[in-house]
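Novice: This is what each chain is made of:
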Amino acid sequence: METWTPNPRAKPFVPRQQRSLYLSWKYKITNKRTIRRLCQAGAVLFLLITVIVNIKLILDTRRVANEDAEAQEYEDAVPNMETPRRPANGRKVLDIEVYSSRSKVYVAVDGTTVLEDDIREQGRGIHVIVLNQATGHVMAKRIFDTYSPHEDEAMILFLNMVTRGRVLIFTIKDEGTFHLKDAAKNLLKSLGSQVSLGLSWRDMWTLVVKKGGQVYGEKQSKSPALSTWGDPVLLKTEVQLTASEEAECHWAETELNRRRKLFCSKVEGYGSICSCKDPAPIEFNPDPLPNNNVFNVPVAVIAGNRPNYLYRMLRSLLSAHGVNPQMITVFIDGYYEEPMDVVELFGLKGVQHTPISIKNARVSQHYKASLTATFNLHPEANFAIVLEEDLDISIDFFSFLSQTIHLLDEDDSLYCISAWNDQGYEHTAEDPALLYRVESMPGLGWVLKKSLYKDELEPKWPTPEKLWDWDMWMRMPEQRKGRECIIPDVSRSYHFGIIGLNMNGYFHEVYFKKHRFNTVPNVQLKHVESLKKDSYEVEIQNLLKEAEVLDHSKNPCEDSFVPDSEGKVYVMFIRMETETDTSTWTELGKCLHVWDLDVRGYHKGLWRLFRKRNHVLVVAVPISPYSISEFASRSRCSGQMMMSVEPRHFHKVSNTRMERSWGSAATLATSCSSSRHDGAGPDAADHPNQVQRAAGLAAPRSERPHTLTCCDPAGRSSSPIGRVGQVPYS
Amino acid sequence: MPRMNRTAVLSLLIVISSVFLLFQLYYYRKYVSKPGPHILSQTGHLTTSDLQWQTVRLFLVLAHRFHLPVFLVDTTALRLLAHDASWQRELHCSFLCTDRPVMSFALFANMWKFDPAFLSAAKHKGFDVLELRGHDPRLASLDTLSGEDIPLYFLLRLHGFIIQVVFLYERSGNYLWHGPLRLKAKMDLSFAPFKQLDYGRHAGAYNRPDLVLTVLDGLDVRVPRNVSRFLYEQQHSRFLECRYHDARSFLQLYPDDTSPAAVDFHRKAKALLHLAAQTLAVLDVPFWLSSGTCLGWFRQCNIISYSHDVDIGIFITDYRPDIVTAFAAAGLSLKHKFGKVEDSLELSFLSDDVKLDIFFFYEDGDIVWNGGTQAKSGRKFKRVFMSLFIRYIFQRFSLCWAELLELKVRVPCETLDYITANYGTSWSVPVMLWDWKSSPSNVQRNGLWPKHQWADLIQVY
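So the sequence lines, in the order shown, correspond to chains A and B.
The numbering of the first sequence is full-length UniProt numbering, which starts it at 1 and goes up by one.
The numbering of the second sequence is full-length UniProt numbering, which starts it at 1 and goes up by one.
Treat the hints with care, as some may be off.
[As the list claims (entries may be wrong)] Okay, derived cross-link-like pairs now, BS3-like style, lysine-lysine, Cα gap no bigger than 30 Å in a straight line: (1) Lys-56(A) with Lys-92(A); (2) Lys-526(A) with Lys-612(A); (3) Lys-236(A) with Lys-219(A); (4) Lys-113(B) with Lys-349(A); (5) Lys-460(A) with Lys-355(B); (6) Lys-466(A) with Lys-113(B); (7) Lys-454(A) with Lys-268(B); (8) Lys-481(A) with Lys-113(B); (9) Lys-113(B) with Lys-56(A); (10) Lys-261(A) with Lys-113(B); (11) Lys-266(A) with Lys-184(B); (12) Lys-450(A) with Lys-184(B); (13) Lys-454(A) with Lys-186(B); (14) Lys-349(A) with Lys-186(B).
No lab work stands behind these hints: they were computed from the structure.
All figures in this text were calculated on a predicted structure; none of them were measured in a lab.
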């Protein structure tokens, strides 16, 4: 078209009327050849120009659009990586000093002390430090007390998680070989140690090595005799830093991987999160909930300096259905870097709190500051979900809360909703859809109402000089005022913390490990409305009407006490004269293998749990209002039958503090112990401050002897109905 | 044949060129821009107002794309809107072209998940971008918490025009807060005419405005529903953060009383203050914290637990006779009334055994004063034996917003002067027994009320 030009010298144009209405009309009115020609030429020219301009415009806009796209790509690539680049030839060298002795260890990198431990009776074992091979930054610091059993396994686990190429520094303080098994020694050998196989009692040893690479230095001094330690050793060596490219993985350039890269350049010991091929995800995208009533409820995660725990916790939290990461804030007690790194890895909001006071009071002050800040950050919120860093969160945690949270608004007799059932062990919890009301406040993943906090708790929160546990304080009658908490039969949180202010491995093994944890998604809860104050009583009465009384002449500790039926409701009675008369329950708790360190998880003197898939109601007589119904007549024993404990076998170790997790559920333990039968008893009483021991006191449970008797309502002792252990009833 | 051909070709050309014309329109709309005012402008080149309009439009397009919940808060533009000045200005850009190089928008910060892509997109569109961050005030409390700095302002510059985006954060007193705009040393001090910015000289507090979506100069913009109310608020929006750092030091020296009685008083005083604020808000009477309550806010960010009352001040020019009835309706009974509207008026209400004292302040040249009446009355006959009246003198002050007990309240901006006037320079030391007749340093004895007026001037219920 563009090449077409009108040819005025061609044949003269003779208009013909029939050709076109327009032309004929034009012809008629002008009737002059030249004008007509001019007009025609002009029209053609105009059309041509229009066409050309149009094409140019289209081409131009195309080009601009393309440039836009390129610029966009370029900008995406900009945040790529700001790794500090050193000149390729000037690779830096790190001077490393490692010291190992009986009473002191230290590690200095380029003159900066990165580890120093000379505190008596602390830090025994093998200290391990991981350095970034490109920057020389400390990425992890661990102590493995390989004098004690199983710590070498933890060390193997840890060393295997460390990325290849990192610089590992080992040093022994005091003793680190007693329980260092061959597997660990072989691993050290494979890392490059020359002497690991020969390491023995009270040897001093240091090693600097690159994982999967060269050995920078190793020193050992043998212990001359059993009773003495090897001479202190000081290892001085140099480590050549590598280029940062070699220390990094090449993940796809995304916002997520930018966070991952930053995290992996700083810390070690998080396993596959930093693996170059197929790293573990840091974004989970769980299913949303259809009607999520807790989507806009702020979630406060209370944390200390246990970054590995926090990592595990946040992973489970971010995988729960219906989670809203925008509402999560992690409150870190102290200016610790690594927990903050974990928070940033997941793209969450982290807040650091200057620690106030010590021990329990520090935790308590941290709780207060965190709760206050949570409601400040979310002024529109009426509730807050409070979590701790050592909890796994069930996949239907938010679904559970979404179905129950309205109860807090509608029922003034409620104190909280908690995800934790103190008595919900693997063998005593059964129904994920079942809910209870309990008078204790379990914590461990719970919902706090703003008005409760602002109007009641915050103004009188224990001051820093009071070394109280916040949860103990919250359970006190002055605060709780007779209100109750809603809990599920099967817990929606799992307490995995083993180390903590009030926690140790043994305690965890006995009381927390076998806790039942819900893994079923989208559980539709049963009878939520009947959890309200009055309807719950109706519910209980119905249950009691339906219930069969268990044969109280049998030993409740024996398996046959509950018949081998399924889906039935049974009731049993235990003696409880006053609120503080807890010995019978404690004994029963021991043989049921549930929480027996204090009395928890009851509603008006009634416990509900499952045995062999049967619902068992335990009624405390006479303090429970449920003990005075028509059951007495239905009871098989003459009069009212109940379990009771021979009091003389037990004495109370009052105010003994139990070992508890960092702010976890626990109270003052009124630990029952029989001085006659329990060797640990007096020991614990002698060391009221040693919380571990006090907890350990409840120790070898199966060996704890106790005697349960069947009593009549008058409280007279009658014939023994159960005996465990060697001590006969006399 | 060629003749017929030529006509055919001509008509074909016409058809094709009209198709191209349509294409051109389509492309223009899609890639270049919607027909803006400069298309209409007579001169053919872009005028300043066209540039401003373009800048605003580009910003709004971006804001829409990234779901920024913004609304117009530019005082000049809103003023034009309030007076509907469109008839006297250019037709195509009557509100958004303000002759000022700045246009301000506010953003509901908690309704927008911060997206750094917005800024890079703005840069890409040609904007120069300055992001200003600051401490999160919601973490400021008696506890020492530190979190990530939060964004306070975006300044976007294009063609010499500045779009100021003010981040409004929801605070626990149910109000919106924006931070002060402070430049760091290494920032570009000439980035914008900072003095001309409407927002940022001080921190500010606002009630949450009702918004309406409207079309201004062909652009979809959200504006406050009640524009004049918003403009009034804007003028008196200055916000003072409590001095938590000093309060912490004070509380270390003099720890808070957590006895049940103190906690109880705290609860009641909070309820009373909320009730008073609510009642006076309905009457549209501005008030501020005075005397002990003001000292409590300033010194310890809280109520002084041994003060036993709540004190507020109101300018006598704002006095309305229905204050008493309104308080009565809210459940507060009048306890006593001293003075008269013309002189030394003071009202006391009682609720739940906590007293609410309302002092009325009189402006007199450079000073402001309020009166106090000391009445000694015989119990038996309710007869007044003696009545002294005194004045407390203050330097003239303006009012600022502050937060106390989860409530947005006013305090004198020159709080230190105000408190020093009342309590002297040793205000930072708690004094349990305070004698209002003699202790204050600004007290001025005014003499005795004339005896025949006592019945009017001193009414005790």
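Novice: Measure nothing beyond the straight line between the CA atoms of Lys-236(A) and Lys-219(A); if it is 30 Å or shorter, mark the hint as holding.
Specialist: holds (10 Å)
Novice: Run the distance test for Lys-466(A) versus Lys-113(B): straight-line Cα separation, threshold 30 Å.
Specialist: violated (40 Å)
Novice: Could you grab the alpha-carbon distance between Lys-266(A) and Lys-184(B) and see if it respects the 30 Å cut-off?
Specialist: holds (28 Å)
Novice: Does Lys-56(A) lie within 30 Å of Lys-113(B) when you go C-alpha to C-alpha?
Specialist: violated (42 Å)
Novice: Is the Cα-Cα distance between Lys-454(A) and Lys-268(B) 30 Å or less?
Specialist: holds (13 Å)
Novice: Lys-113(B) and Lys-349(A) were given as a pair; does the straight-line alpha-carbon distance stay at or below 30 Å?
Specialist: With Cα atoms ~12 Å apart, Lys-113(B) and Lys-349(A) stay inside 30 Å; holds.
Novice: Starting from Lys-526(A), check that the Cα of Lys-612(A) is at most 30 Å away, please.
Specialist: holds (21 Å)
Novice: Are the Cα atoms of Lys-56(A) and Lys-92(A) separated by 30 Å or less?
Specialist: With Cα atoms ~57 Å apart, Lys-56(A) and Lys-92(A) exceed 30 Å; violated.
Novice: Can you confirm whether the C-alpha distance between Lys-481(A) and Lys-113(B) stays at or below 30 Å?
Specialist: With Cα atoms ~40 Å apart, Lys-481(A) and Lys-113(B) exceed 30 Å; violated.
Novice: Going straight from one Cα to the other, do Lys-454(A) and Lys-186(B) come out at no more than 30 Å?
Specialist: Not satisfied, since the Cα-Cα distance of roughly 42 Å exceeds 30 Å.
Novice: Verify the proposed pairing of Lys-460(A) with Lys-355(B), using a straight-line Cα cut of 30 Å.
Specialist: holds (22 Å)
Novice: Holds or violated: are the alpha carbons of Lys-261(A) and Lys-113(B) at most 30 Å from each other?
Specialist: Satisfied, since the Cα-Cα distance of roughly 23 Å is no more than 30 Å.
Of the numbered hints stated above, those contradicted by the structure are hints 1, 6, 8, 9, 12 and 13, listed in ascending order.
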